[in-house]
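Residue numbers (this note's numbering), protein chains in the order written: chain A, 10 to 133; chain B, 9 to 501.
Keep in mind the hints are simulated off the structure, nothing from the lab.
Only a predicted model underlies this, so the values are computations on that prediction, with no experimental measurement involved.
You may find that some hints are simply not true.
To be verified - Subject to a maximum C-alpha distance of 25 Å in a straight line, what follows is the list of computed SDA-like cross-link-like pairs (lysine to any residue):
1. A:LYS62 x B:VAL445
2. B:LYS372 x A:ASP127
3. A:LYS41 x B:ILE462
4. B:LYS372 x A:ASP125
5. A:LYS62 x B:ARG216
6. B:LYS458 x B:VAL476
7. A:LYS62 x B:THR197
8. A:LYS62 x B:ILE80
Claimed, not checked - Not close to chain A: a few residues of chain B, all C-beta gaps over 12 Å, as computed:
9. ALA52
10. ARG108
11. GLU111
12. HIS112
13. ALA171
14. PHE173
15. GLY179
16. VAL195
17. SER311
18. ALA402
19. GLY487
Each residue gets a CB set at the ideal place from its N, CA and C atoms; glycine is no exception.
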Amino acid sequence: MADFFGQFNYWVVVLLMMAGLYIVIASANLVKKLIGLSVFQASVFILYITFGKVSGGAPPILSPELEVYSNPLPHVLILTAIVVGVATTAVGLALIVRIHEAYGSTDEDEIDQMDDADDYPARK
Amino acid sequence: MDLSAQLPALIVIAPLLAAPLCVLVGNPRLAWGVALLTSVFCFAAALGLLQMLQHVDVLSYSMGGWAPPLGIELRIDALGALLLLLLGGSSVVVTLFALRSVEHEVALERQALFYTALMLVLAGLIGITVTGDIFNIFVFLEISSLSTYALISLGRDRRALFASFRYLVMGTIGATFILIGIGFMYVMTGTLNLQDLAERLPAVADTRAIRAAFAFLTIGLGLKAAMFPLHIWLPNAYAYSPSVVSAFLASTATKVAIYVLVRVLLSLYGAHFSLGELPFDKLLLVLGSVGIVAGSLVAIFQSNVKRMLAYSSIAQVGYILLAIGLASQPGFTAALLHLFNHAIIKGSLFLALGVVSFRFTGAKLADMAGLGKTMPWTMAAFVVGGLSLIGVPATAGFISKWYLVIALIDASLWPLAILVLFGSLLAVVYIGRVIEVAYYRQPARDLPRKQIPITMVGSLWLLTLGNVYFGLNTEFSLGLVSLAVSSLMGVGV
Numbered sequence: 010m011a012d013f014f015g016q017f018n019y020w021v022v023v024l025l026m027m028a029g030l031y032i033v034i035a036s037a038n039l040v041k042k043l044i045g046l047s048v049f050q051a052s053v054f055i056l057y058i059t060f061g062k063v064s065g066g067a068p069p070i071l072s073p074e075l076e077v078y079s080n081p082l083p084h085v086l087i088l089t090a091i092v093v094g095v096a097t098t099a100v101g102l103a104l105i106v107r108i109h110e111a112y113g114s115t116d117e118d119e120i121d122q123m124d125d126a127d128d129y130p131a132r133k
Numbered sequence: 009m010d011l012s013a014q015l016p017a018l019i020v021i022a023p024l025l026a027a028p029l030c031v032l033v034g035n036p037r038l039a040w041g042v043a044l045l046t047s048v049f050c051f052a053a054a055l056g057l058l059q060m061l062q063h064v065d066v067l068s069y070s071m072g073g074w075a076p077p078l079g080i081e082l083r084i085d086a087l088g089a090l091l092l093l094l095l096g097g098s099s100v101v102v103t104l105f106a107l108r109s110v111e112h113e114v115a116l117e118r119q120a121l122f123y124t125a126l127m128l129v130l131a132g133l134i135g136i137t138v139t140g141d142i143f144n145i146f147v148f149l150e151i152s153s154l155s156t157y158a159l160i161s162l163g164r165d166r167r168a169l170f171a172s173f174r175y176l177v178m179g180t181i182g183a184t185f186i187l188i189g190i191g192f193m194y195v196m197t198g199t200l201n202l203q204d205l206a207e208r209l210p211a212v213a214d215t216r217a218i219r220a221a222f223a224f225l226t227i228g229l230g231l232k233a234a235m236f237p238l239h240i241w242l243p244n245a246y247a248y249s250p251s252v253v254s255a256f257l258a259s260t261a262t263k264v265a266i267y268v269l270v271r272v273l274l275s276l277y278g279a280h281f282s283l284g285e286l287p288f289d290k291l292l293l294v295l296g297s298v299g300i301v302a303g304s305l306v307a308i309f310q311s312n313v314k315r316m317l318a319y320s321s322i323a324q325v326g327y328i329l330l331a332i333g334l335a336s337q338p339g340f341t342a343a344l345l346h347l348f349n350h351a352i353i354k355g356s357l358f359l360a361l362g363v364v365s366f367r368f369t370g371a372k373l374a375d376m377a378g379l380g381k382t383m384p385w386t387m388a389a390f391v392v393g394g395l396s397l398i399g400v401p402a403t404a405g406f407i408s409k410w411y412l413v414i415a416l417i418d419a420s421l422w423p424l425a426i427l428v429l430f431g432s433l434l435a436v437v438y439i440g441r442v443i444e445v446a447y448y449r450q451p452a453r454d455l456p457r458k459q460i461p462i463t464m465v466g467s468l469w470l471l472t473l474g475n476v477y478f479g480l481n482t483e484f485s486l487g488l489v490s491l492a493v494s495s496l497m498g499v500g501v
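Looking at chain A on its own, in the form it has when it is part of the complex (with noise of 0.2 Å):
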């Protein structure tokens, strides 16, 4: 039980990761499609900001009372990987207002019914 409660955000990370890949696949919303994909990415943020953390480790400020520290390079790691994520987030969300306004929907299956229906003509 210890090491249930020691690796707590560890247990988070593989709950956040799973949940956001099955929505992901799962749902034909664009927009939930995005949001799945930011909880996945959200995931990895929180396994590096966990990597980082040293038990017993004080914040990485220089100071001569301190000894042990936490290790602040995936914490900037992170950084980047947050700004792409948000980059990517409003990519996405770009892509789907075009899509919405060439369609008229942002359900998947509705799209693909769209784009059957330009592919085969003839079978309408």
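Place chain B on chain A using the hints.
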């Protein structure tokens, strides 16, 4: 300070700076000029770096003067130089072609932004190639991917938008997988520098975290490289993006992903671990073979010629992965040769279709009836590219398939050698369909003659002649590839 010593950094910085410059000038023609100049500079810089590699095995550049492994290192060896030449060369040819093609296919107010995105893709891909830091690879990968999504969505067909969104979702999952893999490796080794990682990995190789990292990295890169079951994003993305983008992506984007895969497999984990201890070599053999057959078979039934070429690309990626799966020196040589040659082949084929779409809207097979008579030069280039794709002697495609078959026989994998030849036969069928329609059918209606701009025909024939040149004279491509393979094997095994 000598400028040539700064080349490894400049080759990334130039396109990165050119991108905002294209936005600032605003005028499409000026933006095109900026993009062309930058591409020419990158190509020249790649040649310069290759020249410098004559004297040393590896060029190492410490970014900002911070010494590796703590600082970020740019590292270029023969394999990197090969990729840089490919990137610079395709960029020059494709940008030359883009002038009129983009005017025709992209709305006026988006043309300058088109070149911005193109330069960002170039910067990202070059960055991946030169960097010696694994986190940098992730960042550059995302720079190129995000701009790629924007470029694909500029296609005229509304399906381009949905293709782009689908690629965004799958590409982001792939990139995030790579990020997880990097994180695991960092935790286990405490370093991000590729050289340093390769030295520290063997000590912890037998842990679950490193094996998991390997799985995450290979799946992520497999997605980006369109490895067979992970290829779903590719056909529509290539089919509906502007012609210039299809040509550029087909000859560079998947190639760079394969380059990173090769780096991870051979330089980082070492062939012994990745292709021996873990059964990834067998997986590559199986997935490569299935990719060849499935990609080629689906290509035969496409009515959109661009989509047909996209499926053919999946088959060609299959050949490269199959060759890597052999885990032998002849196998790696065949893989890298095909990587180089296929870039030229698919570039020329997609550019030929670009000329066709300049005349019609899209590249439907039915539209191409009688084009052999009305557009003789374009179709002649398509035929040369097609023959090269099939692997007819005196073309680039023949050389790489020859080496692949020899490597397969070397490993006494006869059934797979026959499968490769069967794949070529399937290529005869799908290229043959286009040739049949173009040469043996009458044009459906009288079309007004439309002058094809010299920049388009010129750049198309530049690549077509490259197809023939690298088929007849293999000294350059083979020499560089063997150099790259020996440096890879030296580090890895």
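Tested hints:
| no. | hint | result |
| --- | --- | --- |
| 1 | A:LYS62 x B:VAL445 | violated (65 Å) |
| 2 | B:LYS372 x A:ASP127 | holds (13 Å) |
| 3 | A:LYS41 x B:ILE462 | violated (47 Å) |
| 4 | B:LYS372 x A:ASP125 | holds (16 Å) |
| 5 | A:LYS62 x B:ARG216 | holds (21 Å) |
| 6 | B:LYS458 x B:VAL476 | violated (28 Å) |
| 7 | A:LYS62 x B:THR197 | holds (16 Å) |
| 8 | A:LYS62 x B:ILE80 | holds (23 Å) |
| 9 | ALA52 | holds (31 Å) |
| 10 | ARG108 | holds (25 Å) |
| 11 | GLU111 | holds (21 Å) |
| 12 | HIS112 | holds (20 Å) |
| 13 | ALA171 | violated (10 Å) |
| 14 | PHE173 | violated (5 Å) |
| 15 | GLY179 | violated (9 Å) |
| 16 | VAL195 | violated (5 Å) |
| 17 | SER311 | violated (8 Å) |
| 18 | ALA402 | holds (38 Å) |
| 19 | GLY487 | holds (38 Å) |
Checked against the numbered hints given earlier, this structure breaks hints 1, 3, 6, 13, 14, 15, 16 and 17; the rest are met.
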